[in-house]
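**Student:** With the sequences and hints as input, model every part of the structure.
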Amino acid sequence: MNNKLLRYNTEIKIIQSSIKKLNPQFSLCDILVCYHGDNRNYTSVQKKIVENNLYSIYGIPIIGEWIYKLDGTDEKTWGSHGGRIIIDDEGIRFEQTTKPFGFVSKEAADNASWVTITEKDGHTQHEYLKLSGCILWTDRYEEAKTVLDKNYGQSMEIEIHKGHYREDHYYEIEEFIFSALCILGTDCEPCFESACIGRHYELDSFKQEFSRMLDEYKKFQNKNDLKTKGVNKMDFTKFTEELSKEKCSNDDKICKYRLLNVDDVKVYVLDVEDYKPYSFNYAMPKDEETNTEYLVIDYESKVEMSLSATDKIEQDGFNEFSIKDEIKSEIEKFSAVQKIETEKKISEVSEELSLNFKNEFDKLKEVYDTVSNANTILQSKVDSYEKKEKELEAEQHRQEIDALIDSYSSKLGRYSSYLVYKSNIETHYTKTREQVEQDLIIMAGKYLTSKENSFNKNFSYTPNVAGVINKKPNDAITERYGNLLDKYL
Numbered sequence: 002m003n004n005k006l007l008r009y010n011t012e013i014k015i016i017q018s019s020i021k022k023l024n025p026q027f028s029l030c031d032i033l034v035c036y037h038g039d040n041r042n043y044t045s046v047q048k049k050i051v052e053n054n055l056y057s058i059y060g061i062p063i064i065g066e067w068i069y070k071l072d073g074t075d076e077k078t079w080g081s082h083g084g085r086i087i088i089d090d091e092g093i094r095f096e097q098t099t100k101p102f103g104f105v106s107k108e109a110a111d112n113a114s115w116v117t118i119t120e121k122d123g124h125t126q127h128e129y130l131k132l133s134g135c136i137l138w139t140d141r142y143e144e145a146k147t148v149l150d151k152n153y154g155q156s157m158e159i160e161i162h163k164g165h166y167r168e169d170h171y172y173e174i175e176e177f178i179f180s181a182l183c184i185l186g187t188d189c190e191p192c193f194e195s196a197c198i199g200r201h202y203e204l205d206s207f208k209q210e211f212s213r214m215l216d217e218y219k220k221f222q223n224k225n226d227l228k229t230k231g232v233n234k235m236d237f238t239k240f241t242e243e244l245s246k247e248k249c250s251n252d253d254k255i256c257k258y259r260l261l262n263v264d265d266v267k268v269y270v271l272d273v274e275d276y277k278p279y280s281f282n283y284a285m286p287k288d289e290e291t292n293t294e295y296l297v298i299d300y301e302s303k304v305e306m307s308l309s310a311t312d313k314i315e316q317d318g319f320n321e322f323s324i325k326d327e328i329k330s331e332i333e334k335f336s337a338v339q340k341i342e343t344e345k346k347i348s349e350v351s352e353e354l355s356l357n358f359k360n361e362f363d364k365l366k367e368v369y370d371t372v373s374n375a376n377t378i379l380q381s382k383v384d385s386y387e388k389k390e391k392e393l394e395a396e397q398h399r400q401e402i403d404a405l406i407d408s409y410s411s412k413l414g415r416y417s418s419y420l421v422y423k424s425n426i427e428t429h430y431t432k433t434r435e436q437v438e439q440d441l442i443i444m445a446g447k448y449l450t451s452k453e454n455s456f457n458k459n460f461s462y463t464p465n466v467a468g469v470i471n472k473k474p475n476d477a478i479t480e481r482y483g484n485l486l487d488k489y490l
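The number in this note's numbering is simply the position in the sequence shown, starting from 1, with 1 added.
Hints listed in this document are in silico derivations from the structure and should not be mistaken for laboratory results.
You may find that some hints are simply not true.
As a list, the in silico BS3-like pairs of lysine-lysine whose alpha-carbon atoms are at most 25 angstroms apart [unchecked claim]:
no., residue 1, residue 2
1, Lys346, Lys248
2, Lys303, Lys254
3, Lys257, Lys239
Computed Cβ-Cβ distance ranges for the label pairs, DEER-style [what the hints assert, rightly or not]:
no., residue 1, residue 2, range
4, Glu168, Lys107, 37 to 43 angstroms
5, Lys389, Ile426, 21 to 27 angstroms
6, Tyr43, Glu160, 16 to 22 angstroms
7, Lys151, Val383, 36 to 42 angstroms
8, Lys364, Ala284, 30 to 36 angstroms
9, Glu168, Lys389, 56 to 62 angstroms
10, Lys107, Leu405, 29 to 35 angstroms
11, His165, Lys388, 25 to 31 angstroms
12, Gln380, Lys277, 41 to 47 angstroms
13, Gly123, Asp272, 38 to 44 angstroms
All C-beta atoms in this analysis are idealised placements derived from N, C-alpha and C, irrespective of residue type, glycine included.
**Tutor:** As structure tokens, then:
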């Protein structure tokens, strides 16, 4: 069948991470290209077919058409696949209007992988082809930088070499090559729902793991906004009202607990009697009659909480209390002896918190140093292994070339060109076995016809002529059948 060109529209999503600069003109990006199986363009490419033709994706351009918006403003945006039909005195012709803004690097093609993505509907899953480390010329073309900051469509162009239509009207692609990846404007409808292009994520798996290990430490350094399900300012009020029902043992007019933080399942408080943080389990069941939620705190689940839970809620419009002011107020109520004991208690708690924090941080740093050292040792071993492997391959190649050249000694041992070729054997180690063998074959052919070949000088050929026994046809018949056929001869 004739070659066909198909274009697949997909959507680009930005993955927020760092850009790794290769040089002033390059930026790395990651791309989810397409998924295998049926797609919304009524074509289908099986996973094996994509993998068999993946070799062709290396080096293809990332193209686009940077045009003015159609709303009459001076702003520009991405177009589509571009192209225009020109009719003039020379006839009708098609002209490409897109230009390349980057390309698929060799590293991206060699390390292509499949990743499972859940689509926007929340349940459909597709296995997408992922490329990591493609090149964008962001310094040379300012418009290319917009791909790293905003959402745009992306289209895959392929050239089909073989395929057939199925009974369900889908075109099943059997053989193809990748042609280009095209950046599209927001007005273009995508084909592969979650295909995307974005910033290259620089951290490796070890750094990500260490980042999670330091999550507890970050909570001591930064006070983040509350990020929990269904918890708002009104809910904070509910928590403070519920906690205010619990009073101190020595004074039933003072609230025992002060709200620190809330997550999906626990409420964190400060006990003003011992100045320690605690947590309680809670729930927000619904009243069947009024259809409204109400708060239930399980005070029997009281547990002294971890250091990471001491963050206090910092949100506009909510400021239940200040821990410093609370402590100051309580101190003023105590006698001089109680004041000293309280200050001592505060100092002890502060020292304990500082010591616990230091111990946890030291443990994390020790783990980091251990893993980092192990990684350095492992990389050193890998480099040593690769070096030995390359040296072994080079030695095997040298031996193979030596053996190949020596195998022609019996034929070309006296040929001057062969002797010179053999003496310069070091220069032939950079060649492949096939190249050296081709040199020797050509050399052998020249030697057979050269003046240096002693057999070529006195070469002659005299054919031997064998006699032919002259028998008549009838004699052969007589010998085989006797005289039985005489009357027919």
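**Student:** It remains to establish, for every hint, whether it holds in the given structure.
**Tutor:** Evaluation of the provided hints:
1. Lys346 to Lys248: 21 angstroms, holds
2. Lys303 to Lys254: 22 angstroms, holds
3. Lys257 to Lys239: 16 angstroms, holds
4. Glu168 to Lys107: 37 to 43 angstroms: Roughly 41 angstroms apart at Cβ, these two residues keep to the hinted range, so it holds.
5. Lys389 to Ile426: 21 to 27 angstroms: Since Lys389 and Ile426 have Cβ atoms about 24 angstroms apart, the given range 21 to 27 angstroms holds.
6. Tyr43 to Glu160: 16 to 22 angstroms: 18 angstroms, holds
7. Lys151 to Val383: 36 to 42 angstroms: 40 angstroms, holds
8. Lys364 to Ala284: 30 to 36 angstroms: 34 angstroms, holds
9. Glu168 to Lys389: 56 to 62 angstroms: At roughly 57 angstroms between Cβ atoms, Lys389 and Glu168 fall inside 56 to 62 angstroms, so the hint holds.
10. Lys107 to Leu405: 29 to 35 angstroms: Since the Cβ atoms of Lys107 and Leu405 sit about 32 angstroms apart, the hinted range of 29 to 35 angstroms holds.
11. His165 to Lys388: 25 to 31 angstroms: 50 angstroms, violated
12. Gln380 to Lys277: 41 to 47 angstroms: 46 angstroms, holds
13. Gly123 to Asp272: 38 to 44 angstroms: 43 angstroms, holds
Checked against the numbered hints given earlier, the structure breaks only hint 11 and satisfies all the rest.
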